[in-house]
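Given these sequences and hints, build the entire structure.
So the protein sequences, as listed, match chains R and S.
Each residue of the first sequence is one higher than the one before, counting from 1 in our numbering.
Each residue of the second sequence is one higher than the one before, counting from 116 in our numbering.
One or more of the hints may lead you astray.
Straight-line Cα separation of at most 25 Å, SDA-like style, residue types lysine to any residue; simulated pairs [to be verified]:
no., chain 1, residue 1, chain 2, residue 2
1, S, K157, R, V52
2, S, K208, S, G156
3, R, K71, R, K14
4, R, K9, S, Q223
5, S, K157, R, I60
6, S, K157, R, D54
7, R, K71, R, G16
8, R, K83, S, S158
9, S, K157, R, L27
10, S, K157, R, G58
11, S, K208, R, G42
12, S, K157, R, G40
13, S, K157, R, S7
14, R, K14, R, N53
15, S, K117, R, P8
16, R, K71, S, L161
17, S, K157, R, N53
18, S, K208, R, P103
19, S, K171, R, H105
20, S, K157, R, N108
21, S, K171, S, S197
22, S, K208, R, K83
23, S, K171, R, N84
24, S, K117, R, G63
25, R, K57, R, N18
26, R, K57, S, D193
27, S, K157, S, P125
28, R, K57, S, S147
29, R, K71, R, T5
30, R, K57, S, S197
31, R, K83, S, S167
32, S, K208, R, I60
33, S, K182, S, S147
Some residues of chain S that are not near chain R, with every Cβ distance over 10 Å (derived) [as the list claims (entries may be wrong)]:
no., residue
34, L126
35, G131
36, R143
37, G174
38, T177
39, N207
40, R215
These are calculated hints, taken from the structure and not from any lab test.
All residues carry an ideal CB built from backbone N, CA and C; glycine is no exception.
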Amino acid sequence: DGGITQSPKYLFRKEGQNVTLSCEQNLNHDAMYWYRQDPGQGLRLIYYSQIVNDFQKGDIAEGYSVSREKKESFPLTVTSAQKNPTAFYLCASSMGSWVDDSPLHFGNGTRLTVT
Amino acid sequence: QKEVEQNSGPLSVPEGAIASLNCTYSDRVSQSFFWYRQYSGKSPELIMSIYSNGDKEDGRFTAQLNKASQYVSLLIRDSQPSDSATYLCAVNKRGSTLGRLYFGRGTQLTVWP
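Below you can see the structure in the form of structure tokens.
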């Protein structure tokens, strides 16, 4: 079955450590996205990538980094520079940003807790 | 002004009633509109998309779009306790260099038996 796999489901880290969240998709989608969700909040865009080896900052990119070396993979690194990293992180993909009628498909999310 | 605004709720309806969820958007060039359902602790799942003015029905769900009023709604008929979730409205803007969806904060719906 095609889908988006995020791992791990839960992640615990000490403050000051970098951590990488994995996102893999087998939907053959060109575009991939990372969102952050805090309790009672909507989804805020961190980074997105429309094509391999290219990515753009979203609304809250500070303290995060990404790479897109393969079409299927879009890992997110939460660095120690991110002031409030504890959140629910969602990876998504779509056929492509130039396809207007292209809904997002989401992975199951990674819940990151930093203490 | 936020790109997408939803009535904050929470919205509580009895089982069998019609639940009405509303969303307004700020940019007139918006072209594609989506409703996602998110259960507590889970990721959003797409339940409806609408692109043209008017109504679109899918089972117990009806999406309504009025581009002149910049308004999109979701009606859930014969509401069930399993419909209890947060509903997110999302909008895509044609020609946006970002090519992204803009999400509202969501409306929490509770359907009580």
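Return the numbers of the hints above that this structure violates; sort them in rising order. Of the numbered hints given earlier, those the structure breaks are 1, 2, 3, 6, 7, 14, 15, 17, 22, 23, 26, 30, 31, 39 and 40, listed in rising order.
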